[in-house]
Amino acid sequence: MLQIEQQFLNQKEGKISKAFFSNLFLNILKNLTLLDELIAPTISRETDELGSVEHAVLYLGAYELKFSVEVPYKVVINEAVVVAKLYGAEGAYKLVNTALDKLAQDLRSAEINA
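Just so you know, full-length UniProt numbering puts 58 at position 58 of the sequence shown, and the rest follows in order with no gaps.
FYI, nobody ran anything at the bench for these hints, they're computed from the structure. One should not assume that every hint holds.
Simulated pairs of lysine-lysine, DSS-like, Cα-Cα distance not exceeding 30 Å [as the list claims (entries may be wrong)]:
#: 1; residue 1: K85; residue 2: K102
#: 2; residue 1: K74; residue 2: K30
#: 3; residue 1: K18; residue 2: K74
#: 4; residue 1: K85; residue 2: K18
#: 5; residue 1: K74; residue 2: K85
#: 6; residue 1: K66; residue 2: K94
#: 7; residue 1: K18; residue 2: K66
#: 8; residue 1: K30; residue 2: K18
#: 9; residue 1: K94; residue 2: K74
#: 10; residue 1: K30; residue 2: K102
#: 11; residue 1: K30; residue 2: K66
#: 12; residue 1: K74; residue 2: K102
#: 13; residue 1: K66; residue 2: K102
#: 14; residue 1: K85; residue 2: K30
#: 15; residue 1: K94; residue 2: K30
#: 16; residue 1: K85; residue 2: K66
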């Protein structure tokens, strides 16, 4: 866990709040089972078949869609797609976009229909 935290906190691109990152990271870890249950119906394969980057990005997006309602769903999806394009396998952003869009329709339907 410390290695992952240090990797993100030492990024030169953008400033990352240690408190924000630590809180997000720990809460995702606490909710892995729930997040897998949310993600599973939105993808066409088993979650354990996902690449590690894609899985991590989906965890982050699913967590934010479920628990960070102050962040607009479009922002959550866009940021996840950007990360998937930068760090994921070729075309991974398509899976991330599709999965999070489906999840947003379930979790944020009122926001989408507003």
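Outcome of the hint check:
Restraint check for K85 and K102: the C-alpha separation of about 19 Å stays at or below 30 Å, so the hint holds. Note on K74 and K30: the hinted pairing holds, with a Cα-Cα distance of about 25 Å set against a maximum of 30 Å. The suggested pairing of K18 with K74 holds, with an alpha-carbon distance near 24 Å, which does not exceed 30 Å. Proximity of K85 to K18 is assessed by CA-CA distance (about 24 Å); at most 30 Å being required, the pair is judged to hold.
Using a Cα cut-off of 30 Å, the hinted pair K74 and K85 holds, with the two alpha carbons roughly 16 Å apart. Taking the CA atoms of K66 and K94, the gap is near 21 Å; set against the 30 Å cutoff, the hint holds. The suggested pairing of K18 with K66 holds, with an alpha-carbon distance near 22 Å, which does not exceed 30 Å. For the hint linking K30 to K18, the alpha-carbon distance of about 18 Å falls within 30 Å, and the restraint holds.
Distance check on the hinted pair: K94 and K74 sit about 15 Å apart at the alpha-carbon level, within 30 Å; holds. For the given pair, K30 sits about 23 Å from K102 by alpha-carbon distance, which is consistent with the 30 Å threshold. For the hint linking K30 to K66, the alpha-carbon distance of about 14 Å falls within 30 Å, and the restraint holds. Straight-line distance between C-alpha atoms of K74 and K102 comes to about 12 Å, which keeps the hinted pair within the 30 Å bound.
For the hint linking K66 to K102, the alpha-carbon distance of about 13 Å falls within 30 Å, and the restraint holds. For a cut-off of 30 Å, the pair hint linking K85 to K30 stands: about 26 Å separates their Cα positions. The suggested pairing of K94 with K30 holds, with an alpha-carbon distance near 27 Å, which does not exceed 30 Å. For the proposed pair K85 and K66, the alpha carbon gap of about 23 Å is at most 30 Å, so the pair holds.
Taken one by one, the earlier hints all hold for this structure without exception.
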